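K.L.:
Letter by letter, the chains look like this.
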Amino acid sequence: MAIRVTMKISLAPISYCWSKADVEQFYQQVANSNIDTVYLGETVCSRRRELKFTDYLDLANMLKTHGKHVVLSTMALIEAQSELNELKRAIDNGDFSIEANDMAAVFYAHQAKVPFVCGPTINNYNRASLDLLHQKGMYRFVMPCELSKDWLQAVIDTDKKPPFEIEVLGHGYMPLAHSARCFTAKHYQLPKDKCQTICQRHSKGLLAQTQESQPLLRLNGIQTQSAAQVNLINQIPDMITMGVNYWRISPSKFADVDLGHELASLLANLTAGDVSQTNELPTKLLPFTSATDHQRHCNGYWLGLPGMQYTESAQLAP
Amino acid sequence: MELLCPAGNLASLKAALNAGADAVYLGLKDDTNARSFAGLNFSVEQLTQATKLAHSQGRKVFLTLNTFPKPGQEHRWYLAVDIAAQLGMDALIVADLSLLSYAHQHYPHLPLHLSVQASATNLGALSFYKEAFNIERAVLPRVLSIKQVRDLAKASPVDLEVFAFGSLCIMAEGRCHLSSYVTGQSPNTGGSCSPANHVRWQDSGADKLTRLNNVLIDKADASQQLGYPVVCKGRYVAEYDQDAKYLLESPTSLNTLSLLPDLAKAGVTSLKIEGRQRSPAYVSQVTQVWRKAIDTYFAAPDSFAEQPQWSQALAKVSEGQITTLGAYERQWQ
Numbered sequence: 103m104a105i106r107v108t109m110k111i112s113l114a115p116i117s118y119c120w121s122k123a124d125v126e127q128f129y130q131q132v133a134n135s136n137i138d139t140v141y142l143g144e145t146v147c148s149r150r151r152e153l154k155f156t157d158y159l160d161l162a163n164m165l166k167t168h169g170k171h172v173v174l175s176t177m178a179l180i181e182a183q184s185e186l187n188e189l190k191r192a193i194d195n196g197d198f199s200i201e202a203n204d205m206a207a208v209f210y211a212h213q214a215k216v217p218f219v220c221g222p223t224i225n226n227y228n229r230a231s232l233d234l235l236h237q238k239g240m241y242r243f244v245m246p247c248e249l250s251k252d253w254l255q256a257v258i259d260t261d262k263k264p265p266f267e268i269e270v271l272g273h274g275y276m277p278l279a280h281s282a283r284c285f286t287a288k289h290y291q292l293p294k295d296k297c298q299t300i301c302q303r304h305s306k307g308l309l310a311q312t313q314e315s316q317p318l319l320r321l322n323g324i325q326t327q328s329a330a331q332v333n334l335i336n337q338i339p340d341m342i343t344m345g346v347n348y349w350r351i352s353p354s355k356f357a358d359v360d361l362g363h364e365l366a367s368l369l370a371n372l373t374a375g376d377v378s379q380t381n382e383l384p385t386k387l388l389p390f391t392s393a394t395d396h397q398r399h400c401n402g403y404w405l406g407l408p409g410m411q412y413t414e415s416a417q418l419a420p
Numbered sequence: 036m037e038l039l040c041p042a043g044n045l046a047s048l049k050a051a052l053n054a055g056a057d058a059v060y061l062g063l064k065d066d067t068n069a070r071s072f073a074g075l076n077f078s079v080e081q082l083t084q085a086t087k088l089a090h091s092q093g094r095k096v097f098l099t100l101n102t103f104p105k106p107g108q109e110h111r112w113y114l115a116v117d118i119a120a121q122l123g124m125d126a127l128i129v130a131d132l133s134l135l136s137y138a139h140q141h142y143p144h145l146p147l148h149l150s151v152q153a154s155a156t157n158l159g160a161l162s163f164y165k166e167a168f169n170i171e172r173a174v175l176p177r178v179l180s181i182k183q184v185r186d187l188a189k190a191s192p193v194d195l196e197v198f199a200f201g202s203l204c205i206m207a208e209g210r211c212h213l214s215s216y217v218t219g220q221s222p223n224t225g226g227s228c229s230p231a232n233h234v235r236w237q238d239s240g241a242d243k244l245t246r247l248n249n250v251l252i253d254k255a256d257a258s259q260q261l262g263y264p265v266v267c268k269g270r271y272v273a274e275y276d277q278d279a280k281y282l283l284e285s286p287t288s289l290n291t292l293s294l295l296p297d298l299a300k301a302g303v304t305s306l307k308i309e310g311r312q313r314s315p316a317y318v319s320q321v322t323q324v325w326r327k328a329i330d331t332y333f334a335a336p337d338s339f340a341e342q343p344q345w346s347q348a349l350a351k352v353s354e355g356q357i358t359t360l361g362a363y364e365r366q367w368q
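Taken in sequence, the protein lines are chains A and B.
Take the position in the first sequence, starting the count at 1, then add 102; the result is the number in the working numbering.
Take the position in the second sequence, starting the count at 1, then add 35; the result is the number in the working numbering.
No lab work stands behind these hints: they were computed from the structure.
Treat the hints with caution; some may be incorrect.
Unchecked claim - Listed next, the stretches of chain B that the computed footprint assigns to chain A, with coverage defined by at least 3 CB atoms under 8 Å from CB atoms of chain A: (1) 128-134; (2) 216-227; (3) 242-251; (4) 273-284; (5) 307-319; (6) 339-353.
As the list claims (entries may be wrong) - Quick list of in silico lysine to any residue cross-link-like pairs, SDA-like style, CA-CA up to 25 Å: (7) Lys294(A) - Gln366(B); (8) Lys165(B) - Leu234(A); (9) Lys254(B) - Gln313(A); (10) Lys262(A) - Lys64(B); (11) Lys215(A) - Lys280(B); (12) Lys296(A) - Lys182(B); (13) Lys262(A) - His110(B); (14) Lys280(B) - Glu314(A); (15) Lys190(A) - Ala188(B); (16) Lys182(B) - Lys263(A); (17) Lys189(B) - Gln213(A); (18) Lys251(A) - Gly225(B); (19) Lys263(A) - Gln108(B); (20) Lys280(B) - Leu309(A).
Here the structure is a predicted model, which means the values were calculated and not measured.
Backbone N, C-alpha and C fix where the C-beta goes; we use that ideal spot for every residue, glycine too.
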């Protein structure tokens with residue numbers, strides 16, 4: 103019997119401030135897709151209160167009844183006691199595991215014996231650190247976005263098979279930095295404390311271009327994202343071979359659910375043989391990559407290059 | 036309250052000690068620290084000399100090991116820990132979990148300071164590092180307001196060190212990929228932010244340009260000053276907009292002289308001066324001013340007033356000659 107590919111599609115939390123109606127509609131669509139794993143929650147700014155924690159729990163339960171694996175995501179930058187309280191509330195939800203995006207989440211999840219995923223903003227730069235976090239309860243980690251295929255291979259290639267799962271951001275705008283300052287509020291000359299959650303105006307962040315019209319960054323409140331979307335669709339065969347467990351999509355529009363759905367369908371019907379026949383898989387992936395253009399997509403980090411660069415598969419050495 | 040000063044070489048170390056630093060931090064000549072610039076930092080021999088010199092004057096010396104060991108090359112970072120322990124250095128400044136673990140297991144009596152690159156901004160994160168590695172101190176990222184520093188200091192299980200003066204990093208340190216997005220190297224992976232070999236200064240007609248790996252970071256006419264091109268301090272054009280602006284931050288430096296009483300009352304243990312990449316003259320100037328300010332404050336806390344000549348002296352060595360309180364001041368955020 104042919105060996106099935108086990109890599110699955112996961113959906114990162116929405117990193118922007120969308121209206122409650124949009125968020126609910128979005129996750130209805132997710133519920134009806136065959137995306138395997140869904141991360142849910144506000145990770146960027148505690149001033150965004152379109153959805154409360156209980157709203158997210160309702161969504162989590164709805165998705166669960168549709169057969170999704172749900173993980174509750176927590177904040178990346180935690181400064182105030184009120185944010186720590188909210189974090190503990192998420193950890194004590196009684197049902198779902200959490201995505202830790204700050205070491206505080208690791209600390210409290212470990213105390214509460216709640217298993218956790220380490221999100222991309224936890225500094226995991228070597229195997230010994232990953233093993234240490236595994237001992238604290240980490241069952242999966244999302245590779246920090248600035249790391250590469252070679253890095254990941256070196257982490258996997260040790261005496262002991264990794265006792266945790268591996269997730270890589272395959273598609274979407276990358277979270278590059280977090281600040282105390284809200285760049286969206288600054289742009290609109292609003293004080294942070296009276297920001298009117300103005301970031302809601304920009305459903306995928308506010309694009310910042312250089313003075314030569316080169317897209318560079320996306321300002322998303324206190325978060326700075328890449329202007330280009332990482333696109334590692336052509337690297338899926340590599341990742342399957344390496345043993346990556348989850349291919350993550352960071353959504354910026356409803357159509358990203360369709361992408362996740364199509365890729366999940368494709369992966370579900372793949373066999374190990376398809377992957378080893380290197381021509382077969384790229385052909386099947388072609389419909390997803392044809393729209394690629396260099397300013398809008400990037401894959402540099404995975405290839406060990408500046409993150410913003412994009413290299414065509416044909417130019418890559420075998 | 037400790038005055039902790041930077042040293043990129045022996046001359047700067049001497050300058051810091053002569054000007055009254057209580058402690059000095061420095062790094063080895065490789066990518067085990069995040070100021071890995073050519074011509075900067077200490078060989079093992081120089082480190083030995085530096086440690087002896089500081090100790091002979093009753094001052095402390097800390098080794099900065101604030102990058103993240105690369106898979107397959109971990110031994111280089113472990114070796115650096117061994118060296119610091121053998122030399123009897125006073126503390127290690129570390130960010131990586133595996134390195135904290137190594138140091139804690141092998142040298143439990145060597146104090147560990149959690150580097151700012153570990154990005155611990157709250158009680159939960161500090162408690163994690165205290166419990167796991169018994170860290171003695173943590174350096175706070177430049178993202179907290181003075182009120183948040185005060186609140187944290189009340190509850191913190193470890194001593195706190197804050198940045199008092201120098202280049203202003205506006206992101207949660209250790210979790211910023213802006214440099215690697217453009218150049219392929221970040222403080223975490225390559226040992227520096229905006230590595231100098233990717234920087235280009237150009238003249239274009241009447242304009243001056245700065246580029247980072249060919250990406251245009253800023254453009255100015257002859258009358259304006261251009262800062263060192265870091266991604267967060269460039270001038271860009273926002274969507275739906277025409278003019279280029281400093282959308283994140285302008286080239287400014289951090290100066291917290293006016294906050295000295297607040298930081299002292301909050302119980303902050305150490306004031307850190309940024310700038311291992313700067314000249315001995317910078318180290319000397321900045322250390323002198325801060326020494327005087329700290330001594331003046333503790334001699335008569337109630338009548339402390341920031342003196343204009345201190346700020347004037349500091350402004351001369353500040354980036355863009357403009358200073359800010361950064362995130363300490365809520366308005367800035």
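K.L.:
Taking the hints in turn, state whether each one holds.
P.N.:
Tested hints:
1. 128-134: Three-residue rule met by the region 128-134 of chain B, so holds; n is 4.
2. 216-227: holds (count 7)
3. 242-251: holds (count 3)
4. 273-284: holds (count 6)
5. 307-319: violated (count 0)
6. 339-353: violated (count 0)
7. Lys294(A) - Gln366(B): With Cα atoms ~8 Å apart, Lys294(A) and Gln366(B) stay inside 25 Å; holds.
8. Lys165(B) - Leu234(A): holds (15 Å)
9. Lys254(B) - Gln313(A): holds (8 Å)
10. Lys262(A) - Lys64(B): Not OK: Lys262(A) and Lys64(B) at ~33 Å, beyond 25 Å, violated.
11. Lys215(A) - Lys280(B): violated (47 Å)
12. Lys296(A) - Lys182(B): Answer holds: Lys296(A) to Lys182(B) is near 18 Å, not above 25 Å.
13. Lys262(A) - His110(B): holds (19 Å)
14. Lys280(B) - Glu314(A): Status holds; Cα separation ~13 Å.
15. Lys190(A) - Ala188(B): holds (21 Å)
16. Lys182(B) - Lys263(A): Not satisfied, since the Cα-Cα distance of roughly 46 Å exceeds 25 Å.
17. Lys189(B) - Gln213(A): The given pair, whose Cα atoms are some 22 Å apart, holds under the 25 Å limit.
18. Lys251(A) - Gly225(B): holds (16 Å)
19. Lys263(A) - Gln108(B): holds (19 Å)
20. Lys280(B) - Leu309(A): Given that 25 Å is the threshold and the Cα spacing comes to 13 Å, the pair holds.
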